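Quick mapping for you: the protein sequence lines, in order, are chains A and B. Going by the working numbering, the first residue of the first sequence is number 1, and it counts up by one from there. Going by the working numbering, the first residue of the second sequence is number 1001, and it counts up by one from there.
Hints are not guaranteed to be accurate.
Said to hold, decoys possible - Now the stretches of chain A that chain B is said to cover, found in silico as 3 or more residues with beta-carbon under 8 Å:
{"no.": "1", "segment": "172 to 185"}
{"no.": "2", "segment": "228 to 235"}
Stated by the list, open to error - Which chain B residues face chain A? A few, computed with CB under 10 Å, are given here:
{"no.": "3", "residue": "P1141"}
{"no.": "4", "residue": "V1143"}
{"no.": "5", "residue": "D1146"}
{"no.": "6", "residue": "F1166"}
{"no.": "7", "residue": "R1171"}
{"no.": "8", "residue": "L1176"}
{"no.": "9", "residue": "T1194"}
{"no.": "10", "residue": "E1221"}
{"no.": "11", "residue": "R1223"}
{"no.": "12", "residue": "P1225"}
{"no.": "13", "residue": "T1231"}
{"no.": "14", "residue": "C1236"}
{"no.": "15", "residue": "V1239"}
{"no.": "16", "residue": "A1255"}
What the hints assert, rightly or not - Covered stretches of chain A (chain B as the covering partner; in silico rule of three or more C-beta atoms under 8 Å from a C-beta of chain B):
{"no.": "17", "segment": "117 to 129"}
{"no.": "18", "segment": "161 to 169"}
{"no.": "19", "segment": "239 to 248"}
No lab work stands behind these hints, which were simulated from the structure alone. Since the structure is predicted, the reported quantities are computational estimates derived from the model, not experimental observations. For glycine and all other residues, C-beta sits at the position ideal for the given N, C-alpha and C.
Read off the chains here:
2 protein chains.
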Amino acid sequence: MDARLMIMGGAAGPELLVRFVQLAGGAAARIVVIATASETPEAAGAWYVDRFTALGAGTACALPLATRALAAAPSAETVLRSATGVFFTGGDQERITTVLGGTATDTLLQELVASGALVLAGTSAGAAMMSATMIVGGDGPGVTADAVRTGPGLEFLPGVLIDQHFAERGRLNRLLSAVARYPHELGLGIDEDTAILTDGDRFEVVGSGAVTVVDAGTAAEIRVPATGPITLTGACVHVLPAGCTFHLTGRRPVAGVPAAERERAA
Amino acid sequence: MDARLMIMGGAAGPELLVRFVQLAGGAAARIVVIATASETPEAAGAWYVDRFTALGAGTACALPLATRALAAAPSAETVLRSATGVFFTGGDQERITTVLGGTATDTLLQELVASGALVLAGTSAGAAMMSATMIVGGDGPGVTADAVRTGPGLEFLPGVLIDQHFAERGRLNRLLSAVARYPHELGLGIDEDTAILTDGDRFEVVGSGAVTVVDAGTAAEIRVPATGPITLTGACVHVLPAGCTFHLTGRRPVAGVPAAERERAA
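Take these sequences, add in the hints, and give me the full structure.
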């Protein structure tokens, strides 16, 4: 699998972090950690640098991008052009989009991901910002227009809307609310210690939990009043644990033997 | 609507309780409260008797059924044969099924509901026990075989599996887990202060929240390992607020203008 993106639902365990190190080149990996989302970016950056080094990365360093000026500076470009893997920590996804959005760093990362020069990974807030439409907040119960707030993400993975800590925080209602409003976007709910690895317009699930895909494209009826409950009939749900593969543009799981079993059999 | 069952997701407000009183005959209603599920059945019974009286019921009384002997006694039959509405309180649904299951009270209630002699209502545990397959417990995150424990309910509404406090407790994962194991059963997740009113094999949604129907009958692939995440692809979800009608044997929402709007227009 030629993964370009590794999108983690938070609380990633060693299995997922090692997988990222390997995708970035293992002993030859040059990993850059961007902790802009974190309230304590220095500590968060240092923590992941230590982890990736301990897990066998060739080199790992933190790239402090606390301001738009830093994200526009040539020094950031130098660091990123030498990277084989870039990792976005958790925190507040709006900090990532407001600090990085539209800067030279944003543009460069899009280019480097598209060309296959590096693997881009993110966890929690670092996962949310990968979406075309990003869930910003909202944890109210029920499926209602005000149960979820959204905004534009950095669009590394177009056509999706990502939610994280998914099973752990019982967020299916807010994902249903979001896709009812924006049925073009596929809703991806990623559990903790779980990730998707993208390869073109497919993704494979890895980790200990599952990815829940909510597709309101099949819905027969959608009504979203300004207040009060949403009506949504005929939406489609897929619960996909590790090894399952999903075709994003086809909006369907890839049938047959999971990739993990194919690999074991090969 | 000729309602036989009124199944409430817990925390029922005055609108729902009045609706039950009206369905049972309003000023002519003779309501019997069964608080077997409650840890404090005397207090729970008295509380609902007061509420139903205050909301205009002709008469309301509690029927104490703490033991199987009481549920088999002729005195219970006398009380129930004179009722126009029976209400089961919340608490522990397994107390209802172990104390009432198979007793003369159980049999009599089935007959009285089937003949239309009374309206049977229940909230929370009193809703869960209406199912063919009843969710007994389990609140773990994720969609896994052990995320949910089930057992037989009293089958007032066959072919369904009911979960309650649905949005408030983020229970879609456990309902998905249950229907993945038992795809014959339609999963009904009822929010607080929300109910379904059944009429034959249809139900209408009433109250302030929504009913989420999860149908694994459409699933293309279901794998339920003994431990670890379930795979479930192609399940169908409907989120139905007040006024929506659902056809149970057809496993589909009834399209068109919601019943509440029809009633207002008429």
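Verification of the hints:
| no. | hint | in the structure |
| --- | --- | --- |
| 1 | 172 to 185 | holds (count 4) |
| 2 | 228 to 235 | holds (count 8) |
| 3 | P1141 | 4 Å, holds |
| 4 | V1143 | 5 Å, holds |
| 5 | D1146 | 13 Å, violated |
| 6 | F1166 | 9 Å, holds |
| 7 | R1171 | 7 Å, holds |
| 8 | L1176 | 6 Å, holds |
| 9 | T1194 | 9 Å, holds |
| 10 | E1221 | 7 Å, holds |
| 11 | R1223 | 9 Å, holds |
| 12 | P1225 | 9 Å, holds |
| 13 | T1231 | 6 Å, holds |
| 14 | C1236 | 6 Å, holds |
| 15 | V1239 | 4 Å, holds |
| 16 | A1255 | 7 Å, holds |
| 17 | 117 to 129 | violated (count 0) |
| 18 | 161 to 169 | holds (count 3) |
| 19 | 239 to 248 | holds (count 5) |
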